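Undergrad: Protein chains in written order, with the working numbering: chain A, 1 to 325; chain B, 1001 to 1325.
Treat the hints as calculated values from the structure; they're not laboratory data. A portion of the hints provided could be inaccurate.
Counterexamples of contact, computed for chain B against chain A with all Cβ distances above 10 Å [as the list claims (entries may be wrong)]:
1. Pro1107
2. Ile1157
3. Glu1204
4. Asp1233
5. Pro1290
Estimated spans, in silico, between C-beta atoms of each pair [stated by the list, open to error]:
6. Pro290(A) <-> Asp1098(B): 19 to 29 Å
7. Gly1323(B) <-> Gly16(A): 43 to 53 Å
8. Arg1212(B) <-> Met85(A): 29 to 39 Å
9. Asp1077(B) <-> Glu7(A): 49 to 59 Å
10. Arg1282(B) <-> Gly27(A): 44 to 54 Å
11. Glu227(A) <-> Pro1173(B): 34 to 44 Å
12. Pro180(A) <-> Asp1048(B): 54 to 64 Å
Counterexamples of contact, computed for chain A against chain B with all Cβ distances above 10 Å [unchecked claim]:
13. Glu45
14. Thr199
15. Asn246
16. Ala252
For clarity, every value in this text was computed on a predicted model and none was experimentally measured. Ideal placement from N, C-alpha and C gives every residue a C-beta, glycine not left out.
2 protein chains.
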Amino acid sequence: MPTMSAECVIGVDLGGTKLLAGVLDDGLNVHNRIYRPVHGLDQRELVDAIVAGVEEARAAAPGEVVAVGFGIPCLIDQRNGMALMAVNLPIKDMAFRDVMAERLGLPVQVDNDGNLAALAEHRAGAAQGATDSVLLTIGTGIGGGLVLGGRPYRGAIGAGAELGHMVIQADGPPCQGNCPNHGCLETLASGTALAREGTRIAGERPASALGRAMAEGRGITGALITELAHDGDEAAIDTLALIGTNLGVGIANYANIFNPDVVVIGGGVIAAGELLLEPARREMARRALPPTRDHLSIVAARFGTEAGMVGAGALALDAVRQGVT
Amino acid sequence: MPTMSAECVIGVDLGGTKLLAGVLDDGLNVHNRIYRPVHGLDQRELVDAIVAGVEEARAAAPGEVVAVGFGIPCLIDQRNGMALMAVNLPIKDMAFRDVMAERLGLPVQVDNDGNLAALAEHRAGAAQGATDSVLLTIGTGIGGGLVLGGRPYRGAIGAGAELGHMVIQADGPPCQGNCPNHGCLETLASGTALAREGTRIAGERPASALGRAMAEGRGITGALITELAHDGDEAAIDTLALIGTNLGVGIANYANIFNPDVVVIGGGVIAAGELLLEPARREMARRALPPTRDHLSIVAARFGTEAGMVGAGALALDAVRQGVT
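Produce the complete structure using the sequences and hints provided.
TA: The structure is reproduced here in structure tokens:
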């Protein structure tokens, strides 16, 4: 149960189409949620919509709101809170943090969604109590975040923790989007890879439930593969095991590099649960070094679509506790 | 020129066969060096030899020695300074830090050689001024160290930064030693890989200087390949370019993961200089994400065989400055 608290923070997850603002107490329990569409707005309209969303959340808060955190889908220069290289929102080269602090009259922190999801899991989720933790968010692509020594790790100019873009097969398939690489973990263990391998396996095994689904014209998506696997279809189970094994290669790398306490797997693909995690654990144990491999846990994320919002709240709360304004 | 200083530290690099102790001032300039054989000693004899070496260095110091740092070739539990999993020295399960502090009557710090080489480059070498830096030491294998946010990163139980044991080719050749993995960076970009590929290329190109050297019965070592490449032999140059390209795949991964300011390449193989680094830079630029790839420098290490000793001194100096005893 959420506890009542005198001081609250607001966490905002700003996506390309909508924002989610949540009021959180100092235990990161969520008290209220506000959704607003932000699609197709220009910069001034977007800022107004964000301010209106935050003010609505603030009015509903059970205590005084002392800080606001934002998760935004772009690279952020942490020295000045500038938004760099934004793709889906009109905030490129905007001093996002300072503009929001000015408009809201509150201390504001900003980070990207991968870092914030990792922070949410560390502060209140599957990585609670860890010193060093790695988060992989597996959807269409693979995002990630690092909490090292209890603090978010962002790299020299805030562009680190691109954890899906680690080569595990140098001569592998080309990567997606703006990534020029080949054989990235994202090409071999993402939801896109799951659908691609599921389609291939459905073709090879027409008598399986997966093969029959394809013959009936159903799209072979990660969600369908997961549903059929949970129903016991061997072809679907084998597809998830293949992706989980590829994932385990990547986790073995992160094990040897970071010697983390825990690797947390989030994103839509984690709906497969142990059908994905068990093959990943097996492959990691085959490849990683002792004693790291024996120390490491590989677990499902606690937070789903609210990870960014909770992490944004955690970032705001951290800043309040550390006296950063 | 070394500067005179009232306070000094001693850095000790303890290897399987000998120790090197150096007296360093607070600018990490080395004033005196002491070498002692330690091969074949039991634990009591080893401790006595270390104490004698440190005391000899201390007597020769130009100022008061205020702390001692040790680099030892094994996993160290930083919570208690215990030596875990030592292979070449009789110090397994020994409370190395506390025993040495007791015997020497001085504050003692201990770390492994990879971490210390990275620290040496950060404090006084090729990574000076960096916030985040990655060191790869390329010899028979590939070791490494991380300095993140200006501090050594060791992982949850001190077993992190095994940077040579990152898969870049999941179906690649089996790794060496106690590593159960396949296709590690170490299998494709170490001195061992250089000699192996040089032997293959010598066989394919018998008219090259490299091919003729093999026909004459000379062993195809990394040193020979580097010598012939510096003399202009195309086969030797191509061999180094192949290894450099493989190295560049690994560096692209570390770029995307850490967004470091600099990746420093040390170890015997860096004798090849730009013949190794230039192909590595080209491959990194082909694979890593913007803006990380444009921010990153890839440079040769400053310190060679003294990296561990200087890093041990830097660790001792850090502890003095931070008031750790």
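Undergrad: Against each hint, give a clear statement of whether it holds in the structure.
TA: Cross-check of the supplied hints:
| no. | hint | result |
| --- | --- | --- |
| 1 | Pro1107 | holds, 22 Å |
| 2 | Ile1157 | violated, 6 Å |
| 3 | Glu1204 | holds, 20 Å |
| 4 | Asp1233 | holds, 26 Å |
| 5 | Pro1290 | violated, 7 Å |
| 6 | Pro290(A) <-> Asp1098(B): 19 to 29 Å | holds, 25 Å |
| 7 | Gly1323(B) <-> Gly16(A): 43 to 53 Å | holds, 49 Å |
| 8 | Arg1212(B) <-> Met85(A): 29 to 39 Å | violated, 52 Å |
| 9 | Asp1077(B) <-> Glu7(A): 49 to 59 Å | violated, 39 Å |
| 10 | Arg1282(B) <-> Gly27(A): 44 to 54 Å | holds, 51 Å |
| 11 | Glu227(A) <-> Pro1173(B): 34 to 44 Å | holds, 39 Å |
| 12 | Pro180(A) <-> Asp1048(B): 54 to 64 Å | holds, 57 Å |
| 13 | Glu45 | holds, 28 Å |
| 14 | Thr199 | holds, 21 Å |
| 15 | Asn246 | violated, 8 Å |
| 16 | Ala252 | violated, 7 Å |
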